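S.K.: Read off the chains here:
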Amino acid sequence: MSDEHPAGGEEEFREEEASLVRITLGPVVWMAHFIVSYAATAVVCAKLSTDELVWLRMGIAAATLLALGTIAWLGRRSWRQWRHGNEDIWEDPAATSEDRHQFLGHAALLLAVISFIGVIYTALPALFAATCR
Amino acid sequence: MQRRAGTTTLAAPVRRVAPLALILLAACDGPQSALSPGGEDAIQLGWLFWVMLAGSVVLWLFINGLFFLVTRRHPHPMSRKLAEGTIVAGGIGLPLVVLTSLLAYGLSIMPHQREPGDGLRLRVTGEEWWWRVEYWPEGATEPVVSANEVRLPVGQRSDLELHAADVIHSFWLPGIAGKTDMIPGRVNHISMEPVEAGTFRGQCAEFCGLSHALMAFQAVTMEPADFDGWLAAEAEGISENARQAEGHAIFQEQGCGACHALRGTEARGEVGPDLTHVGGRGTLAAGVLPMTAEALADWIAHPEAFKPGVEMPGYNHMDEAELLTLATWLEGLK
Chain V
26 MSDEHPAGGE
36 EEFREEEASL
46 VRITLGPVVW
56 MAHFIVSYAA
66 TAVVCAKLST
76 DELVWLRMGI
86 AAATLLALGT
96 IAWLGRRSWR
106 QWRHGNEDIW
116 EDPAATSEDR
126 HQFLGHAALL
136 LAVISFIGVI
146 YTALPALFAA
156 TCR
Chain E
774 MQRRAGTTTL
784 AAPVRRVAPL
794 ALILLAACDG
804 PQSALSPGGE
814 DAIQLGWLFW
824 VMLAGSVVLW
834 LFINGLFFLV
844 TRRHPHPMSR
854 KLAEGTIVAG
864 GIGLPLVVLT
874 SLLAYGLSIM
884 PHQREPGDGL
894 RLRVTGEEWW
904 WRVEYWPEGA
914 TEPVVSANEV
924 RLPVGQRSDL
934 ELHAADVIHS
944 FWLPGIAGKT
954 DMIPGRVNHI
964 SMEPVEAGTF
974 RGQCAEFCGL
984 SHALMAFQAV
994 TMEPADFDGW
1004 LAAEAEGISE
1014 NARQAEGHAI
1024 FQEQGCGACH
1034 ALRGTEARGE
1044 VGPDLTHVGG
1054 RGTLAAGVLP
1064 MTAEALADWI
1074 AHPEAFKPGV
1084 EMPGYNHMDE
1094 AELLTLATWL
1104 EGLK
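Sequence order for the protein chains is V and E.
Residue numbers for the first sequence follow the working numbering, beginning at 26 and rising by one.
Residue numbers for the second sequence follow the working numbering, beginning at 774 and rising by one.
Honestly, the hints are just simulated from the structure, not real lab data.
Fair warning: this is a prediction, and the values are worked out from it, not measured in the lab.
The beta-carbon is built from N, C-alpha and C at its ideal position, and this holds for glycine as well.
There could be a bad hint or two in this list.
[What the hints assert, rightly or not] Counterexamples of contact, computed for chain V against chain E with all Cβ distances above 10 Å:
1) Phe38
2) Ala65
3) Arg82
4) Arg125
5) His126
6) His131
7) Pro150
8) Phe153
9) Ala155
10) Thr156
11) Arg158
[To be verified] Some chain E residues near chain V, calculated using beta-carbon distances under 7 Å:
12) Ser881
13) Ile882
14) Arg887
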């Protein structure tokens, strides 16, 4: 296994740049879902009547499904990036471009898992508390 | 009581620890305990506590059992697969399931704590260091003003509107319901539904200055008919007899009415607690002293001695007899 990327330095750089962005994507989706849910609830409860709560909860449900879908897709992609080509190797300790690439996939997967759980926990109050009180 | 034969077989440590445990358990009872609930919400919160406690005990036994197993019973190397499986299942899977179900349970009972009331509304204002209490029965245009005691009808849900006059306080009545902060410039709500008639103790639960710990109150839960009778009496001013008494003359002479209101007289001060029915309350000075003539006399002469930082000045220039006449008269205002 050599340290040389098959397509050369510049392409490798572009690819890993995309990997780095993907790492942050799970938490970013979690954050967006959190802000949208809490801001919408605050506005509806403070400015509108409780009759609008049905719509708010349906909106949060839709946002949750969208967020979970995106994170699941991301997790699947990261899993592939991590597991690609190494059936029994679970660690990527070497300072090679392949190990770096797979490590970034591994990190993105773990962040996707925690973001998935975070989104569910954010949505749970809307599921159980059908009131502004 | 005769000792049962079985107790002599208890191991020595158990025999030594048991009395201590009993003493500690006895502290769980009493008028200010979330573990001896007298209200719907307190019952629910009590359940939450017991569920958490039982869960923690099970978890503690499980984890320590595992420790025991791998260090004493089966101290052999584990296969990598089993070890990693244990970490994923026990470190991610189990907490996820436990925390999610606890969160769902907690969230499902949360709205109940602020359910709208059945009609009676109380407006409680935290002051340094006492409680201004106003009762607004359904349809009332003006409140029945009282202080330092909260009375609630049994079997009905009452709405409490919580205000603060100066700094942040927290209204905590664990025997009946939970705890809610009182924040200057904000109106917070809590609702309470007592299930049995009795006397409970509440306490300010947010540090609010020098005498924070001395800012308590008594809560009395009453059958609805008794409550209605009490509220009607509380709405009245002082009686004609009380107005003619010598105590009233001293009250006026000393200028008490500048800070304290006595409905039915010219005393309309709003700095301190309304004293129209002060003798009918269970405690004096927000849960600090018993409601007796002696305690009232002590309080009037040296309030600072019982509540450091209190705004009320001491009236220690009054002579003993006058002081006692005033105190006895106040104690008689039921």
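S.K.: Hints the structure violates: just list their numbers, smallest first.
M.R.: Structure breaks hints 7, 8, 9, 10, 11 and 13.
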